[in-house]
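Based on the provided sequences and hints, a complete structural model is requested.
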Amino acid sequence: MKTTCRTVDVASHLAVAGVGAALWICWQPNALDSLHHGNDRAGATRETTRLAQDEITRRVVARDAAKQEAQVMAAKKITAAEDAKLRLAKQQADGLKNRQRLADLRKLSLTYQNSADLRSPLAEVLSGIGLSAQESFGKDAAMAIFLEWHRRDPAGALAELARRPAWLKVFENDYPVTLALGMPEILKQILNVGNTDHYRTVFLSCYTERLAETDDLNGLAEAYARMDEGCRYWMLPAFITSWIPRDGPAAVRAIFDEFSPELRRAMIDGLRNEWNGPWTADFTSALFQRDFGDLEYCRSGLKEDAERDKSLTYELSSESEELVPGDSKVFTAKPLGEGVEMMLLQDRDYPELFAAGKIGAEEIYQEMLRQLPVHAGEPELVARAVFKALAPHQPASAAAWAMTRINHGDLIHDTAGLLEGLKDPRTKRMVEVIKSLPADLPDGKETADLTTSIRYRFQFWAGIDRESATTAAAELPANHILARAAQGGITGKEADP
Amino acid sequence: MNARRWLSHGIALLLGAAIAASLASNKQGEVIPAVGAEANLNGHRVCAVHVRPSPPELLAALAGTPMAMARHLAMKNEIYADWAQRDPAGLLAYLKNRAWPVHGSHGFDRVFIELSRQQPGVLPAYARANGCREAMEAIVHGDPRVAFPILLAEKPGRIPYGLMHDLFEKGEGSDPEFHQRIAGIADPAARADAISGTARVMLENRRFDDFFSLLDREKDWLNPERIGAGFASAMIKCRSAGDLNRMVSMADNVRSVAVKELLDYVSQDSVAFGPRLYEVDGVETLGRSLGVNQYYISEEYRLGTLRILTEHGWLAGLEHHAAAAITGEGLGLCNANEELAAQWKQWALDLPEAENMKMVREAAIVRWIKLDPEKNAEIAGLPTQRLRDISYVAAVSSMDGWHLAINADDVRKLVGRIADPELREQAAQALEKRIAGKQK
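Going line by line, the protein sequences match chains D and W.
All residue numbers for the first sequence refer to our numbering, where the first residue is 48 and numbers rise by one.
All residue numbers for the second sequence refer to our numbering, where the first residue is 18 and numbers rise by one.
Treat the hints loosely; a few may be bogus.
Unchecked claim - According to the in silico footprint, chain W covers these stretches of chain D (three or more CB under 8 Å from chain W): (1) 102–115; (2) 210–216.
Stated by the list, open to error - Derived pair list, reagent style DSS-like, types lysine-lysine, alpha-carbon separation capped at 30 Å: (3) W:K254 to D:K235; (4) W:K113 to D:K482; (5) D:K405 to W:K113.
As the list claims (entries may be wrong) - Per the computed footprint, the stretches of chain D lying under chain W, defined by three or more beta-carbons under 8 Å from a beta-carbon of chain W, are: (6) 192–203; (7) 397–403; (8) 470–476; (9) 498–509.
In short, the hints are calculated from the structure, not lab data.
The beta carbon of each residue, even a glycine, is placed where N, CA and C say it ideally should be.
Take a look at the structure:
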């Protein structure tokens with residue numbers, strides 16, 4: 048009975064405690080949430096670490112696949128005629144896309160149809176271009192305004208385009224918009240020497256592109272006859288790069304029978320210098336049946352180009368230089384510093400692990416010696432390279448370790464070299480690094496560039512905030528040559544030694 | 018229930034509440050901020066299932082994953098580039114006590130540019146606190162209308178040289194009325210900088226009317242050296258000597274700089290202006306090379322420039338420069354012809370008689386005969402002995418090797434016509450030296 052009573056007693060106390068807890072939870076509505084989420088977040092940290100590892104693995108696999116594909120494609124060869132055919136197909140597909148883009152922009156331009164003043168919205172969108180949130184919209188809007196302006200007043204729109212380099216820049220990179228302009232209108236812009244060179248070049252570029260795209264050799268000949276030397280010099284190579292003749296024999300007839308001698312010469316010469324020539328099978332065969340006359344000397348070069356196999360345009364990335372961890376042979380031909388630098392990022396990203404405090408300098412040094420047996424006889428050189436690579440990350444601990452492995456003279460020399468090569472735009476961080484490393488740098492030729500660079504840094508800093516610059520300079524040891532350089536920069540004159 | 022029981026149950030009640038509170042707070046304390054977790058609209062954290070790894074977690078995972086160096090760098094760069102774009106301020110905060118990523122991290126270089134677009138107001142403060150030039154200068158990459166008041170809020174004298182120039186160059190490029198803001202700049206150095214950036218856009222785009230109005234409005238603030246030099250280079254780029262007449266409305270101090278620069282330019286066959294940088298998607302890249310960097314100075318342009326400068330009397334005090342420009346040491350002769358040569362001669366003879374123009378006339382006569390040495394028979398008709406003498410010297414020195422080889426005696430006769438004995442002796446010696454050299 049007594050036991051039963053005690054059990055009931057304990058149970059009732061527990062129940063009351065439960066009620067207490069419940070009351071607290073009711074009074075603190077987020078408590079349950081907080082308990083629940085606390086579990087979630089602790090788990091989330093572990094989860095995100097795992098997810099991060101998974102994500103890195105996924106990216107590595109994707110890169111491997113891309114690299115493999117690139118290798119396969121790079122190994123494939125096609126004939127010049129197949130290459131021309133592929134390029135023609137691409138050009139035609141691009142043509143469709145360009146027309147669609149123009150149609151989309153025209154649709155967008157309707158939004159400006161009721162704007163009496165187009166200057167204000169134009170200034171608005173041009174100033175905002177480049178802002179991440181509206182990058183694409185800004186450019187589209189700028190071109191839509193151009194179309195609307197051009198619809199209302201073609202000459203006025205082009206004059207305004209010439210006045211606003213930012214607008215011209217967008218126009219220049221949006222070829223489909225230029226399809227809204229007639230060829231005579233474009234040619235007029237090119238021929239007007241009152242326009243700036245840049246403006247004329249923009250129009251010359253789209254004019255040439257259009258001629259090539261439409262296979263318009265007559266247009267080419269007419270424009271060529273009217274253009275100045277500078278335009279001609281630019282136009283022909285650009286045309287040849289993009290042009291694929293639809294009817295090879297007709298193109299050859301035009302070049303040999305209709306072009307002026309000057310243009311014919313320039314064309315043949317241009318073809319000879321252009322790797323991506325218009326080498327369709329019927330063009331090539333028709334071309335070599337002709338008598339080249341005084342251009343006969345070009346025949347062999349042209350033949351060589353027309354018969355050269357092409358690689359599909361896939362570039363292997365620099366990752367093809369993959370190294371096998373621990374393969375010391377790879378490094379025998381490299382300067383030791385460079386070898387260590389590579390090895391520090393091979394296998395693991397040791398500087399990053401060092402910065403995160405996950406590995407010590409001595410451990411990394413031993414690892415380098417193991418990975419680079421070829422340099423086993425030069426341990427101090429390896430230590431110096433390790434110091435230079437690690438010091439920017441954790442200067443104080445790198446310096447403390449370096450003093451146990453590197454003689455003082457070399458350490459000073461390396462410190463100067465390290466500071467001179469440090470590409471950190473934050474002078475404040477530079478101060479942190481400088482004050483954590485050995486201070487007795489020599490004051491001479493060896494450190495002249497370094498002191499100049501520090502002086503300039505502080506000169507700039509003092510110019511925008513003298514107080515912060517002065518505070519930072521004061522953190523450097525008083526007898527440090529860089530403290531004097533910093534002071535010189537702040538005061539605008541050389542400090543006394 | 019007795020009092021003791023009430024008391025013990027009360028304690029149990031409190032204990033239960035305390036345990037619940039303590040558990041909750043313990044759990045909260047364990048939380049390590051999940052950087053990648055995103056806040057939902059109610060401000061509550063989204064729980065684990067939605068969490069994605071943060072850039073620092075990705076970097077940590079990457080650091081410990083074995084792979085080749087090139088790939089390590091490429092992947093690290095990719096993470097930084099993405100982070101710089103999504104949260105540049107967060108990235109900079111992360112780097113506070115860390116080394117600046119340098120290895121092939123061009124993606125990372127965008128951090129300040131992104132900040133200029135997303136939170137430009139942060140940049141000056143960051144630059145001041147860290148002594149960071151890049152942060153300050155990046156402000157011009159954003160919207161110039163937003164950047165302008167930010168820079169204007171800086172204390173006088175604290176805006177780095179060139180920054181207002183770049184800002185107004187960008188602003189005026191988007192909006193030809195952007196220069197209206199210049200009037201609001203009280204800092205003289207910053208204002209001169211803004212004027213020069215604006216002038217550059219106006220000149221580069223041939224907005225000469227706007228340019229001259231600007232000069233008129235801002236005459237008390239502009240930097241004559243920069244404006245004068247800018248005008249001269251624009252004149253060379255548009256290759257229209259006629260536009261030089263517009264210098265009539267220029268202040269003397271600006272015009273004298275422009276004239277001096279122009280004379281320097283026309284003393285060369287071509288002028289190369291440093292490669293122009295264009296910004297493409299936030300990254301500066303070299304512009305087109307055609308006609309942008311290299312400008313050829315034609316003989317017509319050279320003569321046309323000298324003509325206009327003389328007509329307006331703008332060579333006063335710069336005669337030495339003018340003479341040097343006409344006879345220019347490195348000046349070629351290939352783009353001239355007989356007609357142009359004759360025009361030089363006529364221009365020289367038409368120059369005012371004033372003493373200070375003497376050296377200019379002599380230089381022009383030398384240019385004439387150098388361009389057309391076959392016309393040496395006309396030398397005798399020149400009005401003064403000095404002009405005749407220097408013309409004979411120029412004619413003889415312009416004779417090519419072939420001419421000397423077959424007509425040495427005729428050339429010697431030309432030397433014999435030099436009246437000044439000292440000059441004749443010097444010319445004879447130089448000629449014989451050349452002939453002997455050819456014979457060797």
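Hint check:
1. 102–115: It holds, with 6 qualifying residues against the three required.
2. 210–216: holds (count 6)
3. W:K254 to D:K235: Answer holds: K254 (chain W) to K235 (chain D) is near 20 Å, not above 30 Å.
4. W:K113 to D:K482: holds, 16 Å
5. D:K405 to W:K113: Roughly 19 Å separates the two Cα atoms, so the pair holds.
6. 192–203: n = 0 at 8 Å, threshold three: violated.
7. 397–403: That given contact holds, which follows from 5 residues of the segment 397–403 of chain D lying within Cβ reach (below 8 Å) of chain W.
8. 470–476: The restraint on the segment 470–476 of chain D holds, since 7 of its residues have a Cβ under 8 Å from chain W and three suffice.
9. 498–509: With 4 residues closer than 8 Å to chain W, the segment 498–509 of chain D meets the three-residue bar; holds.
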